[in-house]
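*Asks:* Listed here are the chains, written in short residue letters.
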Amino acid sequence: MKLTLGPLLYYWPRQQVLDFYAAAAHWPVDTIYLGEVVCARRHELRTADWIALAQDLKTAGKTVVLCSQALLESAGDLISLRKLAEAGFALEANDMGAVRVAHEAGAPIIAGPHLNIYNGATLDWYASMGAVGWVPALEMSAVALRQLLAERTCTIPTEVFAHGHAPLAFSARCFTARHFDLNKDACEFRCIEHPDGLPVHTRDGQPFLRINGIQTQSATCQSLWHDLPDLAASGVDAVRISPQAQYTAEWIAAWAAALAGTAVTPDFAAWQPEGVSNGYWHGQAGLAHITGSTR
Amino acid sequence: MMRGPHLVCPAGSLPALKKAVDHGADAVYVGFKDPTNARNFAGLNFTDAQLAEGVAYAHRNGREVLVAINTYPQAGQTSHWHRAVDRAAELGADAVIMADPGLLDYAARTWPALRRHLSVQGSATNADAINLAHEHFGISRVVLPRVLTLPQVEYVAAHTPVEIEVFGFGSLCVMAEGRCALSSWVTGESPNTHGVCSPAAHVRWDQHGDTLHARLNGMLIDRFGKDEPAGYPTLCKGRFDVAGDTYYALEEPTSLNTLSILPELIRMGVAAIKVEGRQRSPTYTAQVTRVLRAAIDAASQDRYSVRPEWQRELTAISEGHQQTLGAYHRPWR
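Those protein sequences? They're chains A and B, same order as listed.
Position 252 (the first sequence) corresponds to 252 in the numbering used here; numbering is contiguous.
Position 54 (the second sequence) corresponds to 54 in the numbering used here; numbering is contiguous.
There could be a bad hint or two in this list.
[Claimed, not checked] Mimicking SDA-like on lysine to any residue, the simulated pairs with C-alpha atoms at most 20 Å apart in a straight line are:
1) 226/B - 237/A
2) 2/A - 155/A
3) 2/A - 237/A
4) 33/B - 95/B
5) 226/B - 243/B
6) 226/B - 204/A
Rather than coming from a laboratory, the hints here were simulated on the basis of the structure.
All values derive from a computational prediction rather than experimental measurement.
With the rest of the complex left out, here is chain A (with noise of 0.2 Å):
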């Protein structure tokens, strides 16, 4: 299996954006995928510098990826979309718009997981259209990928959210703005003082949700590692560990050296203090956090 390293889900000061991906450049993964999924708002890199970091990172020796917005409204959305899918990348489409796009521009097509891939012909469909790599839903279980795969006639690689806080849902409503009482078209870029997203809690205290901008993400950490033997034998080709502020270059290390064989043992209570999920892989709630083979 290989491994990647999935965009960047949060608003990080511009420096700490380039020094989090030079140091990525001599990580152990495979693909690196860059661009802004989540906010057309933020803009400390701006589409021409994701393309120039792809380059520089190309350069370095790293398959890049380029990824579209999830949300697509803006006629200024679709220009910034036109200019990534004819930068000589492959684009990862998170909207139909964006499989468009990339089809007319020749672009090969990583099907993200925002696509909402569930079933074998929907995939194949998505093959047709130039896809040469997919994302399942965050919410697809171990048993209903490997029906997917056994109905699909293509043959693209399958890789999976494998690591990370789990993104859930895109809305119009900007809740870090909300939550600090600001206009979304004037939300001061609240979103970069908060660079693993703002943590929402049940009224009695149990980590629920994190809010990120116009995103909500999981507030515990989706984390397939006690998992991993299963994730090989399910025909997945790849493992995506999603940015964190905090433990991403520890965790790529543990990772590859997971996937190579060795024996490692993560701190998971450093390193991921809130907890982690698996549920969804297992066909349960996502926030469950399974021990153990339930299959």
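Could you slot chain B onto chain A? The hints should help.
*Replies:* Then chain B, alone, in the frame of chain A:
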């Protein structure tokens, strides 16, 4: 008089369908009693016999029936969704409302004469997405997700040959439809997979002294004091703690109401105004259909103004008795 947009009303049952037709809906949308539609609630929706009767009733009155098959076919079970399309066609539906590309492809190939609408669950927020579905699956109408501002609706409408349907009234889903897995995160079942959000089987109410706790699969969604009306624990409409503030972090219980902007929607050329609420009663369907019928007819002529009695009627059936223009209105927070 200018012909206004179609009024598309919800029916979770045959009595509701008849109320919608009787009170002026141009089309009624319904679903089957299974996970093929996004309102898969116990006691709701249509058997084949009920749909046949509903179609006959609507057609006798010159109205249409649209069948929502708008969840995502799950791997290993797609024949169930195919069969739903077949049943809708065989029972005389005027159109099917779908989100999944594989299913749209099946419907286009198997029943080419049956009109296909792209469901709001398809998350098509831009003209490229809509035009892709038009080019490949021949969709004739798209239901826009409730995430666009009015100028964005106008921009999309100007860049596609596909008819535009927008939500005009009803409970507001704050997330882009088809892009929300919050329900399955907590319960294992979501709109995309099971046609449900915050399913009732996972709801538990606990009384603690004067305080009522509303839980969804064990997670505390809200608690209510003795003088507070207790709302259903839809998980995005709960009160949570964010950095020490307890509030409706995602969404208040509120309903979308577009009475004030109907003339603008009509000017933009939207083809249809949709009312949310297949889970509501036939009385709700009757009330909201009657008000929207009157309002659309009035807005299609000059000198429109919102009549106070319309507003009163809609407020009475709104969630939490609160209303919003939602994303149509940019400063919405």
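*Asks:* Next step is simple, just say for each hint if it's right about the structure.
*Replies:* So, going through the hints one by one against the coordinates:
no.	hint	in the structure
1	226/B - 237/A	54 Å, violated
2	2/A - 155/A	16 Å, holds
3	2/A - 237/A	6 Å, holds
4	33/B - 95/B	18 Å, holds
5	226/B - 243/B	26 Å, violated
6	226/B - 204/A	18 Å, holds
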